Amino acid sequence: MIELKTTAEIDRMHVTGRFVAEVLTEVGNLADVGVNLMDIEHHVRGLIKQRGAESCYWDYAPSFGEGPFRNVICLSVNDAVLHGLPHDYALRDGDVLSADIAVSIDGWVADSARTVIVGTPDEQDQRIIRATEVALEAGIDAARPGNRLGDISAAIGAVAAEFGYKVNTEFGGHGIGRTMHEDLHVPNKGKGGRGLKLRPGLTLALEPWLARTTDRIVYDEDGWTIRSADGSRTAHSEHTVAITEDGPVVLTRREGEQH
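Position 153 of the sequence shown, counted from 1, bears residue number 153 in UniProt numbering, the numbering being contiguous throughout.
No wet-lab data here; the hints were simulated from the structure. From a predicted model like this one, the values you see are computed outputs, not experimental measurements. Possibly wrong hints are sitting among the right ones.
[As the list claims (entries may be wrong)] Heads up, simulated DSS-like pairs for lysine-lysine below, C-alpha to C-alpha not over 30 Å straight-line: (1) K166 <-> K189; (2) K197 <-> K166; (3) K166 <-> K191.
[Said to hold, decoys possible] Label pairs and their computed distance ranges (CB to CB): (4) H42 <-> E245: 38 to 44 Å; (5) R178 <-> H87: 29 to 35 Å; (6) D39 <-> P68: 20 to 26 Å.
Cβ coordinates follow ideal geometry from the N, Cα and C atoms, glycine included.
Between the sequences and the hints, there should be enough to build the whole structure, so can you do that?
Shown next, in the form of structure tokens:
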């Protein structure tokens, strides 16, 4: 069932979104050479507890995962792009780290992801991160009343194509609100003018993710971590967005973010 949120309910999601943005900003600041992924995981656990929030990942057990997820943040390194399990790994110079987090505060959820480079940046890594960021902004701009769901997918896919990247449509954006995953799947590629007509009150998590040289994925033995099938590096950007009469409102925008 698709639930349209009231203005007051969107405001409550925005409270959660601001916290999620703060956490991702802090994770980006923490991501440095020698920092262990488990140290980041435990730090974020502390932030969530201190805020009185609830992790949407802890005990999460969807059909595509291997048992309950027992972490509060997804941390995916280099060729890993989605659902990366935090583990005993010290970040190295030049690593690409994608961090994805969803939490609930007072019953309302926000979900966001960002990709950062640890230490010395590589030009191609910067390029693919930029592609996901530009694609995300294009998708957000298309999230307007009167447009169709396919317009969002087409906008994201067009940017990926302009940058020369292939798009995997197995995992993409989704509805969000009272839970992390609500009805509506938002593929990262599609045809404009098709699909559900967008209305004020619709809240979506939009999340373009890309690999440098493939659109195929493989799973780690942990049953969660998703990697590019050819080992090429990846990037992931995500925001929670509310569609309003006045256009899209980003509920997880980070302070100082350049879009």
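Hints numbered earlier in the text: which of these fail when held up against the supplied structure?
none
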